[in-house]
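Colleague: Residues per chain, in single letters:
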Amino acid sequence: MAQEPRVGVFVCSCGTNIGGVVNVQEVVEYAKTIPHVVHADHNLYTCSEAGLVVIKESVKKHNLNRVVVASCTPRTHEPLFRAACKEAGLNPYLFEMANIREHDSWVHPHESQKATQKAKDIVRMAVAKAALLEPQTEPEVEVKGSSLVVGAGVAGMTAALSMANQGFKVNLIEKEKEPGGMAQHLYKLYPTLADASEVIKPLVEGVKSHKNIELAISTTLKEVSGYVGNFNTILTGPEGDRELNVGTIVVAPGSSNYTPPKGLYEYGLSDHVITQREFDEKLRKGEIGEPERIVMIQCVGARKGEIRPSELEAFPKSDTAELLRKILKARKDEGWPYCSRICCMNAIKNAILIKERSPKTDVVVLFGDLRVYKEYEDFYRKARDLEVRFIRHIEEARPEVIQTSEGKLQVVAYDALYGMEVNFPTEWVVLSTPLIPSKDEIMLARMLKIPIATDGFLMEAHLKLRPVDTNVDGVFIAGTISGPKDVSESIISGEAAAARASILMGNGKVKTEAITAVVDEEQCIGCELCEEICPYGAPRIEEGKSKIREILCRGCGSCAAECPKRAITMRHYRDDQILAQVKALLIPEGSKEVVQ
Amino acid sequence: MVEEKLEEGRLGVGFEPLIVAYCCNWCSYAGADLAGTSRFEYPTNIRIVRIMCTGRMDMTLVLEALRMGADGVLIAGCHPGDCHYHKGNFMMEKRFDYLKEAVKNVGIEPERVRLEWVSASEGGKWAALVREMVEEIRQLGPSPFRRLQIPKKTDAMIDAFKSQRLRWVVGRSQIKVEIDEGKYRQTVNAIMHDETERHMITGALKGKGPLTAEELAHLTGLQPRRIVQHLIALRRDGKVNEAGEKNSQYLYQLI
Chain A
569 MAQEPRVGVF VCSCGTNIGG VVNVQEVVEY AKTIPHVVHA DHNLYTCSEA
619 GLVVIKESVK KHNLNRVVVA SCTPRTHEPL FRAACKEAGL NPYLFEMANI
669 REHDSWVHPH ESQKATQKAK DIVRMAVAKA ALLEPQTEPE VEVKGSSLVV
719 GAGVAGMTAA LSMANQGFKV NLIEKEKEPG GMAQHLYKLY PTLADASEVI
769 KPLVEGVKSH KNIELAISTT LKEVSGYVGN FNTILTGPEG DRELNVGTIV
819 VAPGSSNYTP PKGLYEYGLS DHVITQREFD EKLRKGEIGE PERIVMIQCV
869 GARKGEIRPS ELEAFPKSDT AELLRKILKA RKDEGWPYCS RICCMNAIKN
919 AILIKERSPK TDVVVLFGDL RVYKEYEDFY RKARDLEVRF IRHIEEARPE
969 VIQTSEGKLQ VVAYDALYGM EVNFPTEWVV LSTPLIPSKD EIMLARMLKI
1019 PIATDGFLME AHLKLRPVDT NVDGVFIAGT ISGPKDVSES IISGEAAAAR
1069 ASILMGNGKV KTEAITAVVD EEQCIGCELC EEICPYGAPR IEEGKSKIRE
1119 ILCRGCGSCA AECPKRAITM RHYRDDQILA QVKALLIPEG SKEVVQ
Chain B
132 MVEEKLEEGR LGVGFEPLIV AYCCNWCSYA GADLAGTSRF EYPTNIRIVR
182 IMCTGRMDMT LVLEALRMGA DGVLIAGCHP GDCHYHKGNF MMEKRFDYLK
232 EAVKNVGIEP ERVRLEWVSA SEGGKWAALV REMVEEIRQL GPSPFRRLQI
282 PKKTDAMIDA FKSQRLRWVV GRSQIKVEID EGKYRQTVNA IMHDETERHM
332 ITGALKGKGP LTAEELAHLT GLQPRRIVQH LIALRRDGKV NEAGEKNSQY
382 LYQLI
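Chain order of the listed sequences is A and B. For the first sequence, the numbering used here begins at 569 and goes up steadily by one. For the second sequence, the numbering used here begins at 132 and goes up steadily by one.
What the hints contain is simulated information worked out from the structure, not anything from laboratory work. There's no promise every hint is true.
What the hints assert, rightly or not - Pulled from the structure, derived: some chain A residues nowhere near chain B, Cβ distances all over 10 Å: (1) D672; (2) S786; (3) G808; (4) R1122.
Claimed, not checked - DSS-like mimics (lysine-lysine), calculated; alpha carbons at most 27 Å apart, straight line: (5) B:K218 - A:K1113; (6) B:K307 - A:K1017; (7) B:K307 - A:K1115; (8) A:K1017 - B:K225; (9) B:K218 - A:K1079; (10) A:K1133 - B:K218; (11) B:K235 - A:K923; (12) B:K283 - A:K1115; (13) B:K337 - A:K1113; (14) B:K314 - A:K894; (15) B:K314 - A:K1007; (16) A:K1133 - B:K235; (17) A:K737 - B:K283; (18) B:K370 - A:K1151; (19) B:K218 - A:K1017; (20) A:K1133 - B:K293; (21) A:K790 - B:K283; (22) A:K1115 - B:K337; (23) A:K1151 - B:K283; (24) B:K377 - A:K1133; (25) A:K1151 - B:K235; (26) A:K1151 - B:K293; (27) A:K1151 - B:K377; (28) A:K1115 - B:K225; (29) A:K1133 - B:K370; (30) A:K1113 - B:K370; (31) B:K314 - A:K1133; (32) A:K1032 - A:K872; (33) B:K307 - A:K1113; (34) B:K225 - A:K1133.
Glycine included, every Cβ here is placed at the ideal spot set by N, Cα and C.
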């Protein structure tokens, strides 16, 4: 016989994040009146060390057998509180969270009273579920000590080397004929002005010669199945398809460079209107010479308002990949809404390179906002000292490029500082264009089930807290697949992804889903429906009864929802546990049952 | 407080809709989280119940929530193709047609039940959706169930969705069936009606049996001819049998 539930409720102020809107004390007092609650308290920060100690001590002091924390989203903090419960001797699954921050105080900042009422409802619902919770165990699975790295750019090569140096077997695949990625097309890197080739050389040599790395060029990922610790992949290369079994996956396919549509700033109509990337190439080849003037235009195709709702409209009928395809198409002519982060420094770098070679050349940089951060401020000052002219235009009046009948170029801009139009006859116009999501991403996102953010890049598991994790266990992202990065940032993300993957591979095992399906064999009639609908092949009919192989079950619950005999229940998400929350909301105990 | 809310609601004065939202953990719950992180404001009328996947949504979970007086039920999951478990959302989508039919049948406006796709990156969409749904339901007024207008067949309908026969045909529609989809849906709906009526009969027998067909017709409001058809089927399935006679008519009881 199960114990009588003794629930402890801990309401968090989260500084002023919750406490500034919700009357936390009132919620605590209310919680004390909810059936099964034997203790309620509030903390300034429940997730702080002190807050966790309070939970652990209260469990012992009040002999709690269930814990409810009313604070933020379980998607980030549930593991922390579960661990605290475990330390206090409680099974971690006897814990329930009431999300009164993301789903309450943060979305109702101007409705304090209603938000407080809502918080009470949410707490009451969480307590109702908590009272019905049961202990669960997480089965362990082995993690193979091998990784697949998709993309041999700076980030991918860094990740591969990092994991290989730790002794893990790495398969590095690259769709091009050579490893190196976007960096091999660059000339000099800011702020050191080192040759990009010098920087990537050790990486390329490393991945080619490392005994733990198997590099496969002209190879792409075709299919993925399996789960963390044991992914089955199919790779397509020059010699056809082959299977590969790995423990983790690092996705680092990079991004592309925005190409302006023909005619924008005379791009494509004049050989002397080029992008920074093309300019890089010309600098490397020494094709620029000593011109009288060069004009650079910033934010070409970047920071162009929002992705319009109409682009997202078709979303309900389509999928992620389809959406990205649509966005890519629509954005081709209009540019992208975000700041690409690297273009300002890149323009400054190229301006300095010109000035150092040809001090007499007048270098003009036209910008809306110039964004230089960290030590790059010094880099910007250096350019100023070299007399590079930075001229701010206002956003409403973007510069105009005119090609005269003799083929001469002229840039007209509105100087915001002087409040007047300025006119620059020039030999070269260089357009700073953003890094944009690549088409390869479509396939990868699709295959790996990683969501795409509305800017078109792959989405991290958490923007701040888990920047290289994805929502797929065992799959990590590195490099510009999650947004524009320069070389050093790509290296950082490559190292980070490798470190995250290595934790799994180093441990050699990982705890998996406790929330799995259970069959009541008495009820089961062996109809095989569960076997047919399960996407993971977890149920198998043996001797006329369904048996769920727990290691394969991912806990979606589709079988439970469809079982004709209702013989399948989902651990931690049983019908009665779900409905207890609804009942607590609509017909709470103690209220007159209005619905008859 | 809740009582007060319901009382007021019943009169339609200062009506504040109360909506239950079943959100899948991976997309829509995260989308609602993002609405919070992005500080997108929306009305306070929604309460989220976290589930792992919309594939988990047993239809009875929706019907029970309505039965308990929810003014609306929102089911929110990943966009087609994005399901964390590959196809849970497609399975929910399949069920949704039947669910709409069931809801209509017990006198609830189908607009009160919605199935929407909200991804983890669509905080703005989540906020807009809640705003829109709250407004729509505010226009509709309190759920008829809140106003104590619960048709007798509501509980029978819920029981029907727990019954093997109806669950079997709904479940089969999740896998490839060789029958024309429209025809299949008609069959499922017919079985839904059948099973609901049969559960009305067994419900009446449970509470007041043994009863004659005439008495059953009176109690359930169904046509005597339908009652007899169902009694034959229920007898065949071993669920009822005769228990003597009354006014030269057979009395029926539950087995």
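Colleague: Would the non-interface assignment of A:D672 survive a Cβ cutoff of 10 Å against chain B?
Modeller: 8 Å, violated
Colleague: Say whether it holds or is violated: A:S786 keeps its Cβ farther than 10 Å from all Cβ of chain B.
Modeller: Non-interface label stands for A:S786: nearest chain B Cβ at 28 Å, farther than 10 Å.
Colleague: Hey, A:K1115 versus B:K225, does the alpha-carbon distance stay inside 27 Å?
Modeller: Holds: A:K1115 and B:K225 sit about 26 Å apart, inside 27 Å.
Colleague: Within a Cα-Cα threshold of 27 Å, do B:K370 and A:K1151 meet the stated pairing?
Modeller: 31 Å, violated
Colleague: What's the verdict on B:K307 and A:K1115, does the C-alpha distance respect the 27 Å limit or exceed it?
Modeller: Holds - the C-alpha atoms of A:K1115 and B:K307 are around 23 Å apart, at most 27 Å.
Colleague: With the threshold set at 27 Å, check whether the alpha-carbon distance from B:K314 to A:K894 stays at or below it.
Modeller: 35 Å, violated
Colleague: Check whether the Cα positions of A:K1113 and B:K370 lie no farther apart than 27 Å.
Modeller: 24 Å, holds
Colleague: Starting from B:K225, check that the Cα of A:K1133 is at most 27 Å away, please.
Modeller: With a Cα-Cα distance of about 19 Å, the restraint between B:K225 and A:K1133 holds, given a limit of 27 Å.
Colleague: Please check whether the beta-carbon of A:R1122 is more than 10 Å away from every beta-carbon in chain B.
Modeller: At about 6 Å from chain B, A:R1122 fails to clear the 10 Å cut-off, so the statement is violated.
Colleague: Could you grab the alpha-carbon distance between A:K1151 and B:K377 and see if it respects the 27 Å cut-off?
Modeller: With a Cα-Cα distance of about 42 Å, the restraint between A:K1151 and B:K377 is violated, given a limit of 27 Å.
Colleague: For the pair supplied as a hint, A:K737 and B:K283, is the alpha-carbon distance within the 27 Å limit?
Modeller: 66 Å, violated
Colleague: Are the Cα positions of A:K1151 and B:K283 separated by 27 Å at most?
Modeller: Roughly 20 Å separates the two Cα atoms, so the pair holds.
Of the numbered hints listed earlier, those contradicted by the structure are 1, 4, 11, 12, 13, 14, 15, 17, 18, 21, 22, 24 and 27.
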